[in-house]
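Sequences are here, hints too, so could you generate the full structure?
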Amino acid sequence: MNLLAIVDFSVVEIFAARSGWSGFFTLSTLVVTIAATIRLATPFVIASVGESVGQRSGVLNLGVDGVMLLGAFGAYYTTLETGSPWLGLAVGTGVGAVMGLVYAFITVTLHAQQGISGIGIYLFGLGMSDLLFRQLVGTPKPIGGFEGLFEFSVPETRFDVAYPDLYNHSILVYMAFLLVPAVTLLVNRTTFGMNVRAVGETPEAADSLGVSVTRTRYSTIIIANSLAGVAGAALALEKGIFIQNITNGMGFIAVALVYFGAWRPIGVMAGSLLFGLVNALVLQWKTLGIISGATAQLAEMAPAAVTIIALVVVTNRIGQPSALTQPFRRGAH
Amino acid sequence: MPANSLQSQSQPESQSESPSPPSPYLLEMRGITKQFPGVLANDRVDFNVKAGEVHTLLGENGAGKSTLMNVLYGLHQPDEGEVRMNGEQLSISSPSDAIARGIGMVHQHFMLVPTLTVTENVALGLKSDRRPLTDLPTVEKRITELSQAYGLQVDPNAYVWQLAVGERQRVEILKALYREVSLLVLDEPTAVLTPQEVEELIAVLRQLATDGRGLVFISHKLHEVMSVSDRITVLRDGHVSGETTPAETSREQLAQMMVGRPVKLVPDKPEVDVGEVKLVIKDLEVEGDRGNLAVNGISLEVLAGEIFGLAGVSGNGQRELAQAIAGLREAKSGTVSIDGTDVTNAHPSSVRKAGLSYVPEERMRDGVVSGFSVSENMMLLSRRESEFARFGFMRFGAIKEHSSNLVDRFAVKTPNIDTPTRNLSGGNIQKLILARELSSSPKVILAAQPTRGVDIGAAEYINEQLAKQKANGCATLLVSEDLDEVLALADRIGVIYEGRLMDVIDAKTATPHQLGLLMAGVAKAA
Ligand SMILES: Nc1ncnc2c1ncn2[C@@H]1O[C@H](COP(=O)(O)OP(=O)(O)OP(=O)(O)O)[C@@H](O)[C@H]1O
Ligand SMILES: [Mg+2]
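Line order of the protein sequences matches chains P and U.
When we follow my numbering, the leftmost residue of the first sequence carries the number 1, and every step to the right adds one.
When we follow my numbering, the leftmost residue of the second sequence carries the number 1, and every step to the right adds one.
Bear in mind the hints are in silico, worked out from the structure with no lab data behind them.
Worth double-checking, as some hints may not be accurate.
Stated by the list, open to error - Using C-beta positions, here's what the derived DEER-type ranges look like: (1) GLN77/U with THR109/P: 17 to 23 Å; (2) GLN297/P with PRO137/U: 55 to 61 Å; (3) VAL312/P with LEU293/U: 27 to 33 Å; (4) ASP418/U with HIS111/P: 22 to 28 Å; (5) VAL369/U with ILE116/P: 22 to 28 Å; (6) ASN188/P with ASP97/U: 26 to 32 Å; (7) HIS111/P with GLN196/U: 40 to 46 Å.
Glycine is no exception: its CB is placed at the ideal position from the N, C-alpha and C atoms.
Structure follows, in structure tokens:
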């Protein structure tokens, strides 16, 4: 499992400056930990906030990871060829949207079972991204992603700006966290959001008032999958590289985080940050040599273990859309 | 036939104030035919409604009433036939088409989103003036106006899951009124209401009709039908078996038109000598779904040969009490014993073994396995009996015979015994459960709302069966909101309110008024 190692090289470099517990209890380490937490949480926030929109309308997509892989490859390859991370981001989003359209057709129009269909999407994304990578790229070449937004734009002498790591993230990180209020607003304050909530809870009631269940679910699935594409793109652009199975199951964690966050964007974000924190700590302890060898390998499983434990402890079904995973057919009972 | 097929032009006072309408009818449905697998649900049905009238659609369970109205509302596509409004032919392919034509419907099963507020439920599907944002304050204001104008009290900011059934009903009606419907269909709106709520609803319906709307009313309760209707159309097995008006008919005649034979509307109450105590409930406390004390210290005894009626507005602990007796919900304290055996918190199968038959309130959920066939559901109880199984293998011949026999005896309307149970109409599922439960010669029967949503033919049959079991020395706990039913069947009546037994009254002296007060929580001192 090399998830942690590849996520953020820059974090590793900073950690490497000192070693042992003495290196851990310092202000700069705290700053670095927070910074790393935010960065590591970013793809999770994007993917799981997106998935929460789909689930609010009653559609579960277990294929998030596959869509992330395709989005990551699309963004990587486009940036590699054109040199523009913006174009890369756009292609990553577009790939996600197309996958959303496919998934919506399978589950909404064809009424297919969602669990199985999602796994199909995952396997497709896993295989396809790898195949394309080998055919089109072959050996990994680095790409340039987005610059930090505030790099050296402030004098270093001022104390409050002495730790630019805290806020000097790329635009992607800021966009990810802006998604949280944006989606909250969308779901709670717009007509579309009200339709989404109704369709996820009691589709027959929504249908009986002329709300199109089909159109609503197509929209939310496309939103959810586009954001999965963005999450993948963010991963590739932040790391500046693509490798086989670069997500290493992050998409599945993202689905779990939706349950953890009780289907609310703010809760989902909290879960993502917790997950980012555990990842950052493990990474840090490893770099500082606090843990090593077998212990380190064991610790690498901590994020997964924490997720499972948190899910068991925290998750209750309050907030779960009643019609989650239920296909809708008018007039059937 | 007592049916009177007068054409409606000759009706005395038809409200034709509007200048020369193109058609005398607001709604005309002609020759509607709808075939489901194995069931001809509607067979060339003609049905019409004039502006300003309440037109009742009457018929047994499975007669095709809901199907006809679902066709009108765009939920089903008819195989044949046409729909006209104000003389203009329509093609209604979805509920949005129906709404656009001014058709509103209060469905048999509520179409509300529990996790949304009342206002949001009303606003759903409407165009907002503040797009893309919602415009809930405007909607809320109009709801308040409408609820005042029609006496439909409801808190616009409450979540629907917080509302009692009667309030949900009002939300459904408000939804339609908000859309300024000219035709309003109400599919069994009274099935879940208390007597007082029914009276209020009927007053609202009359007012809506007076305002010039056309109303379609569906109910199995004949006294309601007689009091609210201008015209009555009876459906039987998917076709129209007659049309009449309350002035020209009687309850007995209507019953006969529905069922095709004379029906005894008030059941016989056999005088049976009561025997020993069969069901004892002592200081029972049971928690509800939200951790509240739904049953708060109830004690009662039911004797052999006695029907004990437990009256009360639903949601006052009846469901939890019944489930605790049947072993489906944990009792917090207190005891339950059946025929001398302590069955407090026993496994449901042990409770059954002690002699309990249980007719649950939520039959779709607790009473049947809806994906199973009719005969499989019939066998659920007796599957271990040697008659139907050998060395653990089912004996299909015997099962088939037994099921067909029960289907015949209890008049369960089903294409055949292999039909999936979920395709049966509500009343027929209820009959199926009764057939199963009563065929096992119980010592104690726990029947929760046994005739709710059941047509009169079936209700007559169910009541007869309960009376027969009583004569056989069975102790029956009858949980029901229907005061008429409780008064007609029970020997003693207890009223439950907020988890407590308000009072126990001898049925011979009880009056609906007295029970109504107790059901509303007014103390017995009065
Ligand atoms: N979606 C469906 N698929 C198959 N059969 C159906 C379906 N809907 C209704 N039916 C069948 O059509 C017949 C008419 O049903 P309908 O619901 O119209 O009866 P109803 O008159 O409303 O009865 P009730 O009083 O029990 O509500 C029944 O035999 C029912 O089993
Ligand atoms: Mg019906």
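Which of the listed hints are not met by the structure? none
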